[in-house]
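J.: Assemble the complex: chain X is given as a structure, and chain E with the ligands must be docked to it using the hints.
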Amino acid sequence: MSQGRMVQIEQDILSKNNEYAAANRRFFSEHGILALNLVSSPGSGKTMLLTRTIEDLKGELAVTVIEGDQQTDNDAERIRATGVKALQINTGKGCHLDGHMVGHALQRLKPADGGVLFIENVGNLVCPAAFDLGEAHKVTILSVTEGEDKPIKYPDMFHASDLMILNKTDLLPYLDFDVEKCIDNARRVNPGIRVLQLSARTGEGMAGWCRWIRAARQLALVEHPELAASA
Amino acid sequence: MHEMSLCESILQVLEQSAADRGFARVRTVWLEIGQLSAVEPEAMRFGFEVVTRGSLAEGARLEIVELPGQAWCMQCAKTVRVQQRFHACPDCGGRQLQVTGGEEMRIKELEVD
Ligand SMILES: Nc1nc2c(ncn2[C@@H]2O[C@H](COP(=O)(O)OP(=O)(O)O)[C@@H](O)[C@H]2O)c(=O)[nH]1
Ligand SMILES: [Mg+2]
Ligand SMILES: [Zn+2]
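Protein chains in written order, with our numbering: chain X, 4 to 234; chain E, 524 to 636.
One should not assume that every hint holds.
Partial chain X-side listing against chain E, Cβ under 7 angstroms, derived [claimed, not checked]:
1. G7
2. R8
3. M9
4. V10
5. Q11
6. Q14
7. D15
8. I16
9. R111
10. V125
11. V129
12. C130
13. I155
14. H162
15. A163
Since the hints were derived computationally from the structure, they do not count as laboratory data. Just so we're clear, the structure is a prediction, and the values are computed from it rather than from any experiment. Each residue gets a CB set at the ideal place from its N, CA and C atoms; glycine is no exception.
Extracted from the complex, chain X is given alone in its bound form (with noise of 0.2 angstroms):
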């Protein structure tokens, strides 16, 4: 057989997803919104979280939430119910959210100026890694009923968040749990990681994070000192 013809690619594998993701953190960083990616393996918390943090925030800050999950709308009622916007992303067998449907969830819900928008991944500590939402930190919720050798299993997952959030801590007394060699190992891939622990089920360290998201808004709104006291 002759041989075909050669054509130079030199592209990543996600460029695509890449651009939809610049796209949405070039409209994030017109809107002044502090954009928030939260993974986690399935049932460590994360809707539980967020229902807690928004019953906290939202006299204060305009929130809305984008929810991944691979089949049912569950997730996005439970929002709902706290009176805020929420979207609902059916990925089917996709494992994770990319840029393209974040980037329609984003036309579809017109997040407020100055707010923070939480995503909601799917739950699943690899493929989200890989895939850029524009957003401006991931935040890896890890529940302690799930063994402190996680970050060094899924390395890229803790290497590419910002901030750990150890939940679940009420349950620590049961538990044999080591917290410290846990957090030693999320350092041992990422040095510069932030660890935060709570339980969203009691409240207890719940302030901490909500002055964590405060934090980050701040450095979302640098360039929109009009947005800084409103929403």
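T.: Same frame as chain X, now just chain E with the ligands:
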């Protein structure tokens, strides 16, 4: 599966390039995959075959060039090989490493008709 979604992204790039560069079929795809990128070459081959069925790349050969994990060790002031992101420097045992290579996930070139 992670590799499956990566293969869908590869197919997007192939379809886009076919339109831009004027070709109808892809015979071979060369990828550069870093050893720190959490991609399993075998899973990638499987995913590629499944995802490209019925496309312009059906039956195409997938050539994967693996690139080594590399990091700059502050203490040794040199580049060292690393197998995993969280491994220590193989020479001095230090943990102050800055990954400089091995995270690649790149489509390098194609053989097309
Ligand atoms: N004990 C305890 N349970 C929690 C906590 N946060 C969430 N859960 C429970 O964990 C389960 C999964 O929570 P969910 O928010 O749906 O997790 P998601 O899949 O990450 O969104 C639910 O049964 C929650 O009630 C916590 O801080 N402590
Ligand atoms: Mg959920
Ligand atoms: Zn060294």
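J.: Does the closest beta carbon of chain E sit nearer than 7 angstroms to the beta carbon of H162 (chain X)?
T.: At 6 angstroms from the nearest chain E Cβ, H162 (chain X) passes the 7 angstroms test, so the hint holds.
J.: If you take the shortest Cβ to Cβ gap from R111 (chain X) to chain E, is it below 7 angstroms?
T.: With a minimum Cβ separation of about 23 angstroms from chain E (threshold 7 angstroms), the hint on R111 (chain X) is violated.
J.: Given a cut of 7 angstroms on the nearest C-beta pair, is the interface hint for I155 (chain X) held or broken against chain E?
T.: holds (6 angstroms)
J.: Would the hint on Q14 (chain X) be counted as holding, given a Cβ-Cβ threshold of 7 angstroms to chain E?
T.: holds (5 angstroms)
J.: If you take the shortest Cβ to Cβ gap from R8 (chain X) to chain E, is it below 7 angstroms?
T.: Holds: closest Cβ of chain E sits about 5 angstroms from R8 (chain X), inside 7 angstroms.
J.: Is the interface hint satisfied for C130 (chain X)? The criterion is a beta-carbon contact with chain E at less than 7 angstroms.
T.: holds (5 angstroms)
J.: Would the hint on M9 (chain X) stand, with a C-beta cut-off of 7 angstroms toward chain E?
T.: holds (6 angstroms)
J.: Going by Cβ atoms only, is D15 (chain X) closer than 7 angstroms to chain E?
T.: holds (6 angstroms)
J.: If you take the shortest Cβ to Cβ gap from A163 (chain X) to chain E, is it below 7 angstroms?
T.: At about 11 angstroms, which exceeds the 7 angstroms cut-off, the nearest Cβ of chain E leaves the hint on A163 (chain X) violated.
J.: Hold the hint about I16 (chain X) up to the distance rule: shortest CB distance to chain E must be less than 7 angstroms.
T.: Where the cut-off is 7 angstroms and the nearest Cβ of chain E is about 4 angstroms from I16 (chain X), the hint holds.
J.: Given V125 (chain X) was flagged as interface, is its beta-carbon under 7 angstroms from a beta-carbon of chain E?
T.: Because about 11 angstroms separates V125 (chain X) from the closest Cβ in chain E, which is outside the 7 angstroms limit, the hint is violated.
J.: Let's test the interface hint: is any C-beta of chain E closer than 7 angstroms to that of V129 (chain X)?
T.: The hint holds - V129 (chain X) has a Cβ within 7 angstroms of chain E, the shortest such distance being about 5 angstroms.
Of the numbered hints stated above, those contradicted by the structure are hints 9, 10, 15, listed in ascending order.
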